[in-house]
Amino acid sequence: MLGQLPILSAITFLPALGAVAILLLRALMRSEEGAVLDRNAKGIALFVTLFVFALSLVMLVEFDAGQAGFQFVESLPWLPALGISYKMGVDGISVLFVVLTAFLLPICILSSWKLEKRVADYMAAFLLLETLVIGVFCALDMFLFYIFFEGSLIPMFLIIGVWGGQNRIYAAFKFFLYTFLGSVLMLAAMIVMFTQVGTTDIEVLLAHPFARDLQTWLWLAFFASFAVKMPMWPVHTWLPDAHVQAPTAGSVILAGILLKLGGYGFLRFSIPMFPNASEFFAPMVFVLSIIAIVVTSLIAFRQTDIKKLIAYSSVAHMGFVTLGIFTMTELGVQGAIFQMLSHGVISAALFLCIGVIYDRFHTREISFYGGLVHKMPVYAAVFGLFAMANVGLPGTSGFIGEIMTMTGAFQVDPRVAAGAALGVIFSAVYMLVAYKKVVFGVITNPKLETATDLNAREWINLGVLAVLAVYFGFFSTPITDTTRASVDQLIQQYQSAQPVEAPVAATAAPAETAAH
Amino acid sequence: MTVSTLLADLQLLTPELVLAVGAMALLLIGVYTKGEAKAAQRIMTLATALLVVTAGLSVWMAQGPGGTAFHGAFVLDSFAMYAKTVVYLAGAVALVLAGQYLRAEQLARFEYPVLVTLAVLGMSFMVSANDLITLYLGLELQSLALYVLAAFNRDSLRASEAGLKYFVLGALSSGLLLYGASLVYGFSGSTSFDAIAVAAAEGSQNLGLVFGLVFVVAGLAFKISAAPFHMWTPDVYEGAPTPVAAFFATAPKLAAMVLLARVLMEPFGPMTEQWQQITMVMAVLSMAFGSFGALMQSNIKRLMGYSSIGNMGYVLVGLSAGTALGLWSVLFYMTLYVIGVAGAFAVILSMRRSEGMVERIEDLAGLSQTRPALAWSMTALMFSIGGMPFMIGFFGKLFVFYAAVQAGLIWLVILAVIFSTISIAYYLRVIKVIWFDEPSGDFLPAPTGAAIISRIAALIAVSMPVVGIIIALVVNAGAGIGG
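Line order of the protein sequences matches chains X and B.
Take the first sequence: its position 492, counted from the start at 1, is 492 in our numbering, and no numbers get skipped.
Take the second sequence: its position 474, counted from the start at 1, is 474 in our numbering, and no numbers get skipped.
Excised from the complex, chain B in its bound form (with noise of 0.2 Å):
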C-alpha cells in the first residue's frame, strides 16, 4: 500500500475521520474545562455542531464518485451517503434534544455528547460495510455506546436495568452475528461482501451459507427490533432516560436498518429466495406484536418502543420484496419514521410539570386546551408515524406496500394493511386523550430545542410537497446498489 493509494483511501473516509479525530478531541476538551456543568454544556454544543459539520460534509461528499477503500472493506455509494447524512442529522437532533433534559434531571456530564458521536461513528461504518469484519467493527462500536448510554442515568434503578438488558441481550445478538459470519466466512472463503456474493451466486442451496445468513440476520434483526428479537425494545425505550430513547428510536435503527439491507442485497443478493422468508416472517411477527402488544400500553415511551416494532414490520415488508424498488421503500419509509419519531420524543420531552417529568399517556389529557400548538403537533406525528393519508407516513407505507405488491407478495400486503388498522387505534388513543378529554393539569413550557424539533417535525409531516423531494433523494440514492 504505497502512500498515495492510503491517502485516496483516507479521503472517502473524511466524514468518519472527522468523527473519530472530534470525538477525542472532545473528550480533552471536557477533561480539561474546569467545572462539570459547564463542560457538559460546553462539550454539548461542540458535539452537535460537530455532527452538523460533518452531515454538510457528507452532502458535499455525495457530489462526489465515492468508491471503495482499504481493499473494498469499505464503500461509499450513494446508498451509503445517504443514509449518513441522515444518521449525522439524526444525532445532531436527539443532542439538541437531550441537552435542557439532561440538566434538569441532574445527569448534565460531557460523556454524553462524546459516547453520541461515538455511536454515530459507529452506525457510519456500519452504513458504508462492505466486509463481514467492518460490519462487525462498526455494530459494536455503536453497541457499546449505546450500551452506556442506556444505563446512563445509573443512580435509576430502572435505567441500570434497562442498560443490563440491552448489554446482555446485545452480547447475545452479537454472538449470533459472529458465528453466522465465522460460518458464511467459513463456506465462502471470504468475508469481502462481493466475495460471498460470488460464493452465494455458485450455490444458492449452499447448506452452510444459509446457516450463517440466517444467523447474521438474527443478530442484525435484534438491532432493528424486529419480532422475535423485539423483547428488550420497550423496556429499553422505559428505562433509559428520554433523550437516550429518543436517539435509540432513530439513528440506529436507520443505521441498522440500511445494514441489513445491504447484506441481504449485495452479499445475499442472489439467495434471495432463502432470506425472503426469514425477512417475511420477521415482518408479520413484527406487525402483529407491534400492533397488538402497543394496544395495552399507558406510558407513552413504551407505545413508542411497541410502535418502533411494528413500524420495522412494514419495513421489512419493503426489503422483503427484494427489488430495487423494495429497497428505495426502505430508504424511503425509514427517513419519513426518523423525522416522525424525533418530532414524537420532542414532545414527550416537552411533557414536563413542576413536580418533574411525566410519561404516562393519561398525562397528556387536555393538550389541545392548554397547549394547543404541541397538540396539533403531536396529533399530525401520531397520524404520520400510523400512516394516515395526508400525512407523510402514509406515503412510506404506501411506497412500501407497492413495492411488495410489485414483488408478488399481495397476502402479505393484505396482512398489513389489517395490522395498521389494528395499530392505528392505539395512535387514535393518543390522540383521543389530547383532544377528547378533558386537561388534568398543564405543562411548564417546553424546552427551546424539544419545542422547535417538535413543530418543525409536524410541519414535514403535513407537507405533502415534501415527499416529492424525499423520493427523488432516495431514488438516487438507491441506485447505488441491489436490482
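Next up, chain X with everything else stripped away, as it sits in the complex (with noise of 0.2 Å):
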C-alpha cells in the first residue's frame, strides 16, 4: 500500500511546481538565451507531466475497486471560520477522469513541440491547467472544488487568447464569461448548503436530505453551471468558437477533459445531493440532450470547417452523457462515464488529426483538402479509424459508450432512445461526409502536393490513442468495473430519496411483478 502518502497531493500540485520551475527558470536566464529556455520549458514539462502520469497508474493500480466510498482521502483544516478544509480523495467515478488528465497532457505538450511563440508560458499555463483540472476531480471539499472549478478558467483563457487562431479574443472572453456566469450562480448554491448544513464536507453533504424544494433551487443553480461546462444545447454556443480558436494542444484539454468536469459535477453533486430535484427535472435533460444530438449533428452537417464539426460533434456526444446519466439505470450512468472517457480519446485524437493537416497546410476549410489517402495514407488510416469510433462503430470505444446510454435510456423511456438513435445516424452521415471530401478523391488543390506523412512524435500521440480507441471497444470491463461500485451506490442513494414517489411506486410495483 501506499500508506500516508499524500498521493493525490502530489499529483496534483507536481504540475505547478513544475510552472512555477519554468517562471523562475524564465526569470533566471537572460532574455538572448531564448531557444535554451524553450527547449528547458518543453523538457519540464514533459517530464513533469510523464511523472505525473505515472504517478496517476500508481495510485490506480492501488485503488480498490470493489469499495465504493472516497479513497486516498487526505484532510487538513484550512479556514475553520468559512468551515473550508483541505480534503482530497477519489472514488470509482472520479479515479478514472484523474487518469484521464494526467494521459491526455503529455500527448498535448508532444502535440506542440514545434511551437515556438512564448514556450515557457505556454507550457507553465498547461501545467497550472493540468493541476487545476486534477483538484477538480480530487476535491472533496465544496468549495476547494469551486476553486479548482472556476480556477481552471483562467490558464485556458489565456491559452485560447494567446496561442488561438484569428478571432481569437472573442472565443476567450465568450469561453470565460459563459463559463463564469454559470459558475457564480453555482457559488450562490454553495453557499446556501453551506448555511443549511454547516459543512463543506462533500461526504457530508451526500449524506444530507436537502427539503426539497430547495433541492429545485439547487439543482438549477448547479445546473446553469454544468449545463454551461457540458455543453448542452443551447447554451453550447461558446464551444464552437473556443474550439476553433484554440491552438491543437488547446481543443484537445478542452474537448478531452473540460467538458467532462459538467459530466461530473452532475455526477458528484446534482444526483446524489438533489435526488429529488434530479427526478423532477429529468425530463427536461432527456428532451435538451436529445435537442442536443439531433441539432448539432445537423449543424455539424453544414460546417465548411472541419475543427468546427468535430466541435459540435462533440456537444452532440456530450448529449448522451447528460441523456445516461438521468436516466439513472445502472446501465445509463456507467454508459454515461464510458462515453466521457471514450469520447476523452476519440475527440482528443480527432482534434490531433486536424492539428496534423492544420500545420501543414494551415487551413481547416474542408473544401481546401481532398485527395489525402494518396499522399499520406498513414494519416488517412488513422483518421479514418477515429472517424469511425466517432461514429460508434462496433469495435471502438465509441460504440460501447453509446450503446450503453441508449440501452439504459431505453429502459426509462423508448421515446428518448430513438430520439438519441436518430443522433447516432446523423453523426454517420457529416462523420463520413467530411472524412470522405478531406481524404478520398483525386488531388485537386496543387497545394497538396508536397504533403508529407505523419512524423514520429504524431505517430506515437495517435497511436497510443488509437490502441486505446480499440481496446476499450473490445474489452470495457476495466473501465466498468472500476467504476460499479460507486456508481451502484449512487443509484441506490438516488432510488432510496424517492419517498414522495413511494404511493404510485407501490401500486405499480405489483403490477410490473404479475407482468414478469
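No lab work stands behind these hints: they were computed from the structure.
Note that CB positions come from ideal geometry on N, CA and C, so glycine has one too.
Be careful, since some hints might not be right.
To be verified - If you want a taste of the chain X side facing chain B, the calculated C-beta under 7 Å gives, among others: (1) Ala81; (2) Gly151; (3) Val184; (4) Thr195.
Said to hold, decoys possible - Simulated restraints on C-beta separations: (5) X:Trp217 <-> B:Arg103: 50 to 60 Å; (6) X:Thr216 <-> B:Val53: 53 to 63 Å; (7) B:Lys34 <-> X:Val20: 48 to 58 Å; (8) X:Gln166 <-> B:Asn299: 25 to 35 Å; (9) B:Met231 <-> X:Glu33: 14 to 24 Å; (10) B:Pro445 <-> X:Gln166: 31 to 41 Å.
Stated by the list, open to error - Far from chain X by the CB rule (all over 10 Å, computed), these chain B residues: (11) Val31; (12) Ile133; (13) Leu144; (14) Ser156; (15) Arg158; (16) Phe187; (17) Gln274; (18) Ile278; (19) Ala288; (20) Lys432.
Hints given; two lone chains; assemble the complex.
Quick look at the structure:
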C-alpha cells in the first residue's frame, strides 16, 4: 500500500510546481538564451506530465475497485471560520478522470513540440491547467471543488487568447464569461448549502437530505454551471468558437477533459445531493439532450470548417452523456462515464488529426483538402479509425458508450432512446461525408502535392490513442469494473431518496412483478 | 480628571500621540533642512519609518486589554487595533510608492509625507471614534489633509480640478454628516455612541433618529465612495497624482468603512432593520455603477476608481447582514482589497516610458512579453480584485456572500454574483491587453519601491494559506464589537 503518502496532493500539485520552475527559470535566464529556455521549458513540462501520469497509474493500481467510498483521503483543516478544509479523495467515478487527465497532458505537450511563440508561458499555462483540473476531480470539499473548477478558466483563457487563431479574443472572452456566469450561480447555491448544513465536506453533504423545494433551486443553480460546461443545448455556443480558435493542444484539453467537468459535476453534486429535483427535471434534461444530439448533428453537417464540425460533434456526444446520467439506471450511468472517457480519447485524437493537417497547410477549410489518402496513407488510416470511432462503429470505444447509454435510456423511456438513435445516424452522415471530402478523391489542390505523412511524434500520439480506442471497444470491463461499486451506490442512494413517489411505486410494483 | 486618569487615557492614545508629535517634528525638520529636494527625501524616509514604528506600536498594544478614554469618547478595542495596524501599514506603503514618482514629476516637497501622516492620524481617530464629536474630528482631520493631497500637483489643471471637486463634494458630505449628527444628538440627548445605542433601542421607530441616521450614513457613504455618492471617485483618481490615488484607494477607504461599520453596529445596532434598507440599496447601486461604469474606461486609474465603487458595493453586501459574521467579512474583504489595490497601483506606477508616465490601459499592451514578472503580478492582482478563485480576493467575496446568505439576503447575493460576472469582464480586458496584444513599447525599469510592492502583493494574492492567517486576525478583531 501507499500508506500515508499524500499521492493525490502529489498528483495535483506537481504540475503547478513544474510551472513555477519554468517561470523561475525564465526569470533567471537572460533573454538572449530564448532557444535554450524554450527547450528546457518543453523538457520540464514533458517530464513533469509523464511523471504525474506514472503516479496516476500507481494510484490506479492501488485503487480498490470493490469499495464504493472515497479512497486515498487526505484531510487538513484550512479555514475553520468558513468551514473550508483541504480534503482530497477519489472514488470509482473520479479516479479514471484523474488518469485520463494525466494521460492526455503529455500528449498535449508533445503535440505542441514545434511551438515557437512564448513557449515558457505556454508550458506553464498547461501545467497550471493540469493542476486545476486534477484538483477538480480530487476535491472532497465543496469550496475547494469550486476553487479548482473556476480557477481552470484562467489558464484556458490565456491559452485560447494568446496562442489561438484569428478571432481568438472574442472566443476567449465568450468562453470565460459564459462559464463564469454559470459558475457564480453555483457558488451562491453552495453558500446556501453551507448555511443549511454547516459544513462544506462533500462526504457529509452527500448524506444530507435537503428539503424538496430547496433542492429545486439548488439543482437549477448547479445546472446553470454544469450545463454550460458540458455544454448542453442551448448554451453550447461558446464551444465551437473556443474550439476553432484554440491551438490544437488547447482543443484537446478542452474536448478531452474540460467538457467532462460538467458531467462529473452532475454525478458528484446534482444527482446524489438533489435526487428529488433530479428526478423532477430528468424529462427536461432528456429533451435538451435529444435536441443537442439531433440539432447539433445537423449543424455539424453544414460546417465548412472541420474543427467546428468536430466541436459540434462533441456537443452531440455530450448529449449522450447527460442522457445516460439522468436515466439513473446502472447501464445509463455506467455508459455515460464510459462515453465521457471514450470521448476524451476519440475527440482528443480527432483534434490531433486536424492539428496534423493544420500544421502542414494552415487551414481548416474542408474544401481546401481532398485526396489526402494519396499523399498521407498512414494519416488517412488513422484519421479513418477515429472518424469511425466517433460515429460509434462497433469495435471502437465510441460504440460501447453509445449503446450503453441508449439501452439505459430505453429502460426508462423508449422514445428517448429512439431520439438518441437518430443522432447516431446523423453522426455517421456528417462524419463520413467530411472524411470523404478530406481524404478521398483525387487531389485537385496543387498545394497538397507536397504533403508529408505522419512524423514520429504524431505517430506516437495518435498510435497510443488508437490503441486505447480499439482496446476499450473490445474490452470495456476494465473501466466498468472500476466504476461499478461507486455507481451502484450512487443509484441506490438516488432511489432511496424518492419517498414522494412511494405510493405510486407501491401500486405500480405488484403489477410489474405480475407481468413478469 | 486627575493626573493619573489622564495618564491612563493618554496611554491608550500612544500611537496617535506618536503620530501627532511626529508630524509636527517632521514639519519642523523640513522647514530647517536646507534644500528642498534634500528635505523632501529626508522627511519621506522619516515619515515612512514613523508609520512603520507606529504600526509596530499598535501591534504591541493589541496585546493589552484596550479600553475607553476621555469619558468614552475614544475607544480602543480589538476592532480598532486591527484597523489601525492596517491603516498605518497602508500609509507606509503609500509613501514608499510615492517617493520616486514625486521626484520624477518635480513634485518632491516635504509637505507630502507630513500630510499623509496627518491624514493617517485622522483615520486613526476615526476607527477609534466612540462619540459623534470624535467621529467628526477624525473625519475632518483626514479629509482636510486629503483635499490638499488631491491638489498636490497644483500646476496641473486636472489635479486642481480633482482637488476642487473633491473638496466641494467633501464639504457637502461633511455638512450632511453634521446635520445628521445634530439630529441624532437632538433626539437621543447625547453624542456618545453608548447613549445613542440606548436611545435607539428604546425608540427604534423614532423618526428623528432615523432621519439623523440617514444623513450620517450619507455623509460616510461619500467617504467610501458608495453609490449614489460616488461621482467624485473616477475624476479624483484620474486627476490626482498616481501615488495620491493609490493612497486614496487604500487607507482612507478602510478607515471610513470601519467607521461606518462601527456606527451602524454600535450606536445604531438596535435599528438594524432601518439601516439595512439603506445599505442594501447602496450595495446594489454601487455594484451596478461600478461594474457598468468601468466597462468603457480607457484610463487605468479611472478603471480602478470604478472598480473601487463596485468593490465597496460587495463590502456593503456583507455589512447589510448586520451580524458579527458580516462585520468580519467587511474587515476581511477590506484587508484583501487594500492589499490588491496597493499592488495594482504599484504596477500602475511602474508604467513609465522615456516620455513620462502613461496611464491608458492600452499602454500595458504586450506586457507579458516585455516585462513578464510585472505581467504575472498584474494578472494575479486583477483576478484577485475581481474575486476569481485561486486568488485570495475570492475568499473575500465568499465570506461576504456567506454573511449575507446567513442573514437571509439571498436575492442580494444573487444580484451580487451577477454583477461580479459583469465586473470580471473589465478585469479580463486588462488581462487581455497584457497577454493577447502585441507590445507597443517597453517601459523603463520600475521604481524599486513599486517593483517590490507589486511583487509582494501579487505573491500574497496567490498564496492561499495567507487567507487562514488573515481570517484568524479578523475574527479576533471583530470580537470587539457588534453582535
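Okay, the hints, checked on the actual structure:
no. : hint                              : result
1   : Ala81                             : holds, 5 Å
2   : Gly151                            : holds, 4 Å
3   : Val184                            : holds, 4 Å
4   : Thr195                            : holds, 5 Å
5   : X:Trp217 <-> B:Arg103: 50 to 60 Å : holds, 58 Å
6   : X:Thr216 <-> B:Val53: 53 to 63 Å  : holds, 58 Å
7   : B:Lys34 <-> X:Val20: 48 to 58 Å   : holds, 50 Å
8   : X:Gln166 <-> B:Asn299: 25 to 35 Å : holds, 29 Å
9   : B:Met231 <-> X:Glu33: 14 to 24 Å  : violated, 52 Å
10  : B:Pro445 <-> X:Gln166: 31 to 41 Å : holds, 35 Å
11  : Val31                             : holds, 45 Å
12  : Ile133                            : holds, 35 Å
13  : Leu144                            : holds, 38 Å
14  : Ser156                            : holds, 35 Å
15  : Arg158                            : holds, 32 Å
16  : Phe187                            : holds, 37 Å
17  : Gln274                            : holds, 25 Å
18  : Ile278                            : holds, 23 Å
19  : Ala288                            : holds, 16 Å
20  : Lys432                            : violated, 6 Å
Checked against the numbered hints above, the structure violates hints 9 and 20; every other hint is satisfied.
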